[in-house]
Amino acid sequence: MTENEELTREIGLLADRAEGDPETGVDIKALAVGLWASFNEFSIEEIEDALRDAWRMRGLVFNDNAGN
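Take the sequence shown: its position 56, counted from the start at 1, is 383 in the working numbering, and no numbers get skipped.
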């Protein structure tokens with residue numbers, strides 16, 4: 328599995344958990360930083376964009392101001 332595939336899988340798992348418990352996805356920037364620490368070939372902004380897309384595809388609220 329490539330690092331990009333692993334990142335996509337990890338984001339999918341996070342989004343699935345957030346769908347079950349919206350409180351899980353409150354601090355999206357902290358999630359992006361945590362993922363970046365594991366998948367450092369991506370920028371935090373790239374990971375945040377992928378998280379935003381995964382959340383919105385599931386109809387979840389994505390707070391762009393979280394963690395600011």
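Heads up, some of the hints might be wrong.
Restricting the straight-line Cα-Cα distance to at most 20 Å, the calculated cross-link-like pairs of lysine to aspartate or glutamate (EDC-like) are [as the list claims (entries may be wrong)]:
id, residue 1, residue 2
1, 356, 373
2, 356, 368
3, 356, 376
4, 356, 380
5, 356, 372
6, 356, 343
7, 356, 346
8, 356, 337
Keep in mind that the hints were calculated from the coordinates and are not lab data.
message: Given the hinted pair residue 356 and residue 372, is their Cα-Cα distance within 20 Å?
response: holds, 9 Å
field: Hint consistency between residue 356 and residue 346 [alpha-carbon to alpha-carbon, up to 20 Å]
entry: Holds - the C-alpha atoms of residue 346 and residue 356 are around 17 Å apart, at most 20 Å.
message: So if I understand the rule, the pair passes when the alpha-carbon distance is 20 Å or less; does residue 356 with residue 373 pass?
response: holds, 12 Å
- request: Verify the proposed pairing of residue 356 with residue 337, using a straight-line Cα cut of 20 Å.
  value: holds, 15 Å
task: Please work out if residue 356 and residue 380 have their alpha carbons no farther apart than 20 Å.
output: holds, 14 Å
message: Can you confirm whether the C-alpha distance between residue 356 and residue 376 stays at or below 20 Å?
response: holds, 10 Å
- prompt: Taken at face value, is the distance from the CA of residue 343 to the CA of residue 356 at most 20 Å?
  reply: Distance of about 17 Å is within 20 Å: holds.
message: Checking one constraint from the list: CA of residue 356 to CA of residue 368, max 20 Å. Satisfied?
response: holds, 17 Å
Checked against the numbered hints given earlier, this structure breaks none of them.
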